[in-house]
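2 protein chains.
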Amino acid sequence: MALRYAILGLLLDRPSSGYDLARAFAEVIGAYAWDAGHSQIYPELRRLEEASLVEVVARGARGRTTYRCTDQGLAALRSWLMAPPASTGGVKNEHVLRLFLLAALEREDALEILRRTQEGAAAQAVHLEGEFAALQERTNSRSGGPLGLTTQYGIRTFRATEEWARWAAEQIEGEGAAWQTLDVKNLDED
Amino acid sequence: MALRYAILGLLLDRPSSGYDLARAFAEVIGAYAWDAGHSQIYPELRRLEEASLVEVVARGARGRTTYRCTDQGLAALRSWLMAPPASTGGVKNEHVLRLFLLAALEREDALEILRRTQEGAAAQAVHLEGEFAALQERTNSRSGGPLGLTTQYGIRTFRATEEWARWAAEQIEGEGAAWQTLDVKNLDED
DNA sequence: TTATGCATGTAACTCGTTACATGATTAA
DNA sequence: TTAATCATGTAACGAGTTACATGCATAA
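So the protein sequences, as listed, match chains A and B.
Just so we're aligned, residue 1 is where the first sequence starts under the UniProt record's numbering, counting upward by one.
Just so we're aligned, residue 1 is where the second sequence starts under the UniProt record's numbering, counting upward by one.
Calculated from the structure, these hints are not laboratory results.
Don't be surprised by glycine CBs; every beta carbon is placed ideally from N, CA and C.
A portion of the hints provided could be inaccurate.
If you anchor each label on the Cβ, the simulated ranges turn out as follows [stated by the list, open to error]:
1. A:Glu106 <-> B:Tyr42: 26 to 34 Å
2. A:Ala133 <-> B:Tyr19: 48 to 56 Å
3. A:Met1 <-> B:His127: 23 to 31 Å
4. A:Gly174 <-> B:Tyr42: 35 to 43 Å
5. A:Glu163 <-> B:Gly63: 39 to 47 Å
6. A:Ala123 <-> B:Ala86: 17 to 25 Å
7. A:Asp71 <-> B:Ser79: 22 to 30 Å
8. B:His127 <-> A:Arg59: 50 to 58 Å
9. A:Gln136 <-> B:Ser141: 38 to 46 Å
10. A:Met1 <-> B:Gln40: 14 to 22 Å
Covered stretches of chain B (in silico footprint by chain A; criterion: 3 or more residues with CB under 8 Å from a CB of chain A, positions within the stretch not fixed) [stated by the list, open to error]:
11. 122-132
12. 144-157
Use the sequences and the hints to build the structure in full.
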């Protein structure tokens, strides 16, 4: 279900073709919130059209079909957003999973991953800060408009990750041999 | 593939049955990193056993079967962790998606969601801070041991979300009518 | 004219969820 | 004795990925 609402939300921002949507997922929203490939998007657009939640507004070169979110689509999206999120449906985030599994590594390797994490998160934050400044200018507002809100979300979570990675590395460096207790405990007994 | 490594990592922490693993996913790791139900876990454990990445260490009452990560399993997990993450495989996080779609809502509803988000994130952070303090005591260390690292990750990302939600609400409150430009633009034209 | 990018489509497969199903053990 | 929890299993379905496939448009 989430895919459907992600598409409606993107179409609300601007009418788009399946190709446009696929790029939006690949470039922005897929990195934090929800990802989807074109092979999922095209069939879903047809289903959404059948349900009158989107409509075709243009057919261009190379079979390009541009869709727009209908009033019904907006209503459906809004009622989904206001309903309490299903308790079920946990998170799938490979990056975070990797951080949870750090304890499986030896000290030096764990530190290496933390260094990569810290640098990657810092780079992403810097990139988004640039985007945010551009949005502030373009929208002539402190908040950067609706897109500015999501950009700030990205900036803040990347900064949190960066700071966590720095802190975690300090802890490991400070603990010396204690780090390895975990795997030693389980693999050496018996 | 990620499920397989999540299981190996959990088994490294302690030998467990499928039931134990299902609880760990439901209670902890599933909320941030990776989720899985028992119907995925049991078959995967059998596949892992066949591949010698885990082994049975005990069979108890009610058919309870306890598995442990083997040396081979640890090696597989380590090589996966050190390999650069597949560029493919985006994030699936319904909570974050909802935040990305806030612009579809009217001002008051958006503020309502932000309030819920802020309160929910704060509550989670407080809960994890309690866990972290308990871990510090139990492990007699500032860092709380390997589990302390992941707990801190949770605390820091929830705090970041909480602060973002507070900031976002302020922006919307400060902007007055400007908020609604987005949907008006696309639905009222033509 | 040739490479690159635009634009869509679908089949086969794997992954993940929901629902159904069974039975043992324990605490009230 | 009965409800709750422990503990597993699987079938059917839906979601998501990978691979294969086609062809137009544009710029070098």
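Chain A over the stretch 122-132 of chain B, status - at least 3 residues with CB closer than 8 Å: It is violated, with 0 qualifying residues against the three required.
C-beta pair alanine 123 (chain A), alanine 86 (chain B): status relative to the range 17 to 25 Å that was hinted: 19 Å, holds
Within 8 Å of chain A's CB atoms, at least three CB atoms from the stretch 144-157 of chain B: coverage verdict: Since 10 is at least three, the answer is holds.
Hint check for serine 79 (chain B) and aspartate 71 (chain A) - Cβ pair distance inside 22 to 30 Å: About 53 Å separates the Cβ atoms of aspartate 71 (chain A) and serine 79 (chain B), which means 22 to 30 Å is violated.
Cβ separation of alanine 133 (chain A) and tyrosine 19 (chain B), checked against the hinted range 48 to 56 Å: 51 Å, holds
Glutamine 40 (chain B) and methionine 1 (chain A) - C-beta distance against the hinted 14 to 22 Å: 20 Å, holds
Status of the given 50 to 58 Å range, CB of arginine 59 (chain A) versus CB of histidine 127 (chain B): 52 Å, holds
38 to 46 Å as the expected CB spacing between serine 141 (chain B) and glutamine 136 (chain A), which holds or is violated: With a Cβ separation near 43 Å, glutamine 136 (chain A) and serine 141 (chain B) satisfy 38 to 46 Å, so the hint holds.
Outcome of range test on Cβ distance (glycine 174 (chain A), tyrosine 42 (chain B); 35 to 43 Å): Distance hint for glycine 174 (chain A), tyrosine 42 (chain B) holds at roughly 40 Å.
Whether the CB-CB distance between methionine 1 (chain A) and histidine 127 (chain B) falls inside 23 to 31 Å: Roughly 28 Å apart at Cβ, these two residues keep to the hinted range, so it holds.
Cβ separation of glutamate 163 (chain A) and glycine 63 (chain B), checked against the hinted range 39 to 47 Å: Distance hint for glutamate 163 (chain A), glycine 63 (chain B) holds at roughly 46 Å.
Pairwise beta carbon distance, glutamate 106 (chain A) to tyrosine 42 (chain B), judged against the given window 26 to 34 Å: Holds, at about 31 Å.
Comparing the model with each earlier hint shows violations of hints 7 and 11; every other hint is respected.
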